[in-house]
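Student: These are the residues of each chain, in order.
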Amino acid sequence: MTVLSVLAQLSGPPFESLPIDWHALAPEVVLLSVAVLITLVDSIGLERARPLMPGLAGLGLLGALIPVITLAVEGSDRVLFGGAYVVDDLSLLLKAVFLLSGYVIVLLSTNYIAEGDYWEGEYYNLLLFSLLGMVVMASARDLITIFVALELLSIPAYMLAAWRKGDRRSNEAGMKYLLMGVFASAVMLYGMSLVYGVTGTTLLEPIGLIFAEVGTASVITLGVIFVIIGFSFKVSAVPFHTWAPDTYEGAPTPVAAFLAVASKIAGFVALISLIYFGFLGQSDLIEPLLFILATLSMFVGNLIALRQTNIIRMLAYSGVAQAGFMLAPFAVAASDPETSLKAVVTYLVIYAAMNLGAFAVVIALARKTRSGEISSFGGAFQYAPALTVAMSVFLFSLAGIPPLGGWFAKFSVFAAVVNAGTTAGYVMAVIVAVNSVIALYYYAQVAKTMWMDPVPDGDMTPVGVPPSLGWAIVLTAALTLLFGVLPGLLGDVTDSFDLGHLELLAFPG
Amino acid sequence: METTFDLPANIAFGVIAVAIIVAAIRVVTTRNIVHAALWLVVVLGGVGAIYILLQAEFVAVVQYLVYIGAIVVLFLFGIMLTRAPLGEMLDLTNRTMRVGAIITAVILVTIMVFSVVDSFRDEEVDFIAYSGDVAAAQTFADLSAEEQETVLDEVAAIGAEGTDLGPVGRTETVSDSIFRDYLIPFEVISALLLAALIGAIVIARRD
Amino acid sequence: MLLNQFLILSAVLFCIGVYGVLARRNAVLVLMSIEMLLNAVNINLVAFSTRWGVSGQVFALFIIAVAAAEVGVGLAIVLLIYRNRTSIDLDELDEMKG
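Residue numbers (my numbering), protein chains in the order written: chain Z, 3 to 511; chain R, 512 to 718; chain E, 1370 to 1467.
FYI, nobody ran anything at the bench for these hints, they're computed from the structure.
Here a beta-carbon is modelled for each residue, glycine too, at the ideal position from N, C-alpha and C.
Just so you know, not all the hints are guaranteed correct.
Just so you have them, the derived chain R footprint on chain Z, three or more residues with Cβ under 8 Å [as the list claims (entries may be wrong)]:
1) 83 to 91
2) 119 to 128
3) 212 to 221
4) 436 to 449
Based on the sequences and whatever the hints tell you, model everything.
Tutor: The following block contains the structure:
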């Protein structure tokens, strides 16, 4: 009589559905309902309903935030479907980040999509579906759930990248993104199939316990490497970053912001779940692997960003480098699981605010300059002082200058890698420091162009910033400053994470 | 458990495997794009036959319905609508990439075959597990400490002896598992298909 | 039958697919190669499900459903590109460099 047969009696017929905790699933249910509602309103109201779409999508995202808040206030961890779906402080914080980023993306899209005469109802519909995938991803603790969440967030994004249908560059962006993304998920799936083959379960918790127990095996190594490579595409880590600059440049700019922020963070959320809840026991494998990915991403991203002349491409390569900074704590994931996990989450939250802000200013300025060239933003201070100040805040925050949010993010990463006390950790700290300096150069270069250079065409008419775009810039700038001035705010949230199990996975026995 | 060498099944496997590999190589090398789609049918059909050999009838049926019934037809429509010439085309393969791609594929297959051979050695397929499922059953965390130990021991001893639990309606087990343990992925998939449908119509229509 | 027979078949099919993705220039052919990758994964999952139970088969079913969506969306974008430039050669997709 083995455990298998005991379990067989548990799972046999007759069919009984598991109890469903609707409160825990409320954010997802709200999002899904709003997405479906948009489709209905769009198909019934047709042209008359078009101006309603952004408002409806924005309200839906804020509406989904309400159950997230009630769940956070209530505070207890909810485990659904036998551990496949977990609603705890960590996943609630990430859900809130996704919903707020989604709200800002809607604000950025409002005028861009309406004035460009693109398909509007469908645009917001796909955006909400993609965000639904991300919100599911934040709670997924199971290989199948992670896989379908990844596809739900990616497939609408492939189409959104090609949304400017008449523009060849947008078509090309969508095609490249789709082929790379689908190939990456196939590689990831092969890895997952091997992980399943060795452990016999798709739930991360038992996988973690088994991996901590059984030590290394060549098939586990192969499986873990394939899974991590698959997600490296998603987070655009070097050497799997080649799609990012082309896709960001060709896609509509709000979609580029969406891919650079929300989609990238979702990739990191999946990596957090997989590594911290599943693969931590294989520390001899994941620490060096992620060390290499982080180092390459930081150096290659920063060095190529130095010689970009297009602001979107520069932000894309800086995003590659930022991914490197976010991967850095993973290099000490098993040596100091708690601190490194908190550092990654802190970085993700602050990165969302500052990078969205940078994209928002670019969209606002491009309304006047009609160009993405950095030189076209020359002398922006003379005709758009507020935008220039905001852009400087975001750029210096991305560079990690105190007292802006990016400073605290970089500091957390730095502290985490030093705190681990391993040689790899100290080397990583040096690499992070060197790269922060390189990055400062090109961020400062853009700021200098905007403050000092002459206006290229001498046109001094002020930029008309639509209210939704203005509100997005104010919101992201306020958050960027807030996280920098009051770092304790975010620290309190990350300190409330219940991470007791990590020790068990990292140091078995 | 004594090893049983099932000759008919092995012959069937050999024939199907050769068909799949030959057809797969033709898909990636043929110069005629319509032929590639037809060779793909052989690959997909062969894979379906493999599922039947593995006694996963429901997956096999879905494979035939969805892959051959829908996806290949979609490919043929794609080829038709982009007006690809029906004859041979010389420029379907990137010549400069070809050598690199062959080397990558050979290295990769060596590593992959080595790992699986190294880890699973001479383990037989014996269908022991179709009725009891570690994952489908309530979680690992619900088990007592000793039971957890036992599961870990079982897993650690890869290739350990299994228990015959007798025949169970497998399609039923699959459906129970989808609608109980994997309810969230199921709902997510339905949202995904709706999104893909709406988006694909917008992208593909003329306007 | 050995479990390894199936795993090796799957590994070979996967690598043929990888070759196709890397070497093919036509977007439709790349999508076909990706379908072969997903089929290789499914062989693995179904073979492992003989060992562990139905969750491997369930995983395979989800992959089939997602593959259908991916191909649908992929071919929609292929059509869009064809309409704008009457060619779906990936090497000609070079509007952006840098």
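Student: Now tell me, hint by hint, if it's right for this structure.
Tutor: To see whether the hints hold, each was checked on the structure:
1. 83 to 91: holds (count 5)
2. 119 to 128: holds (count 4)
3. 212 to 221: holds (count 6)
4. 436 to 449: Result for this restraint: violated, n = 0.
This entry does not satisfy hint 4, going by the numbered hints stated previously; all others are met.
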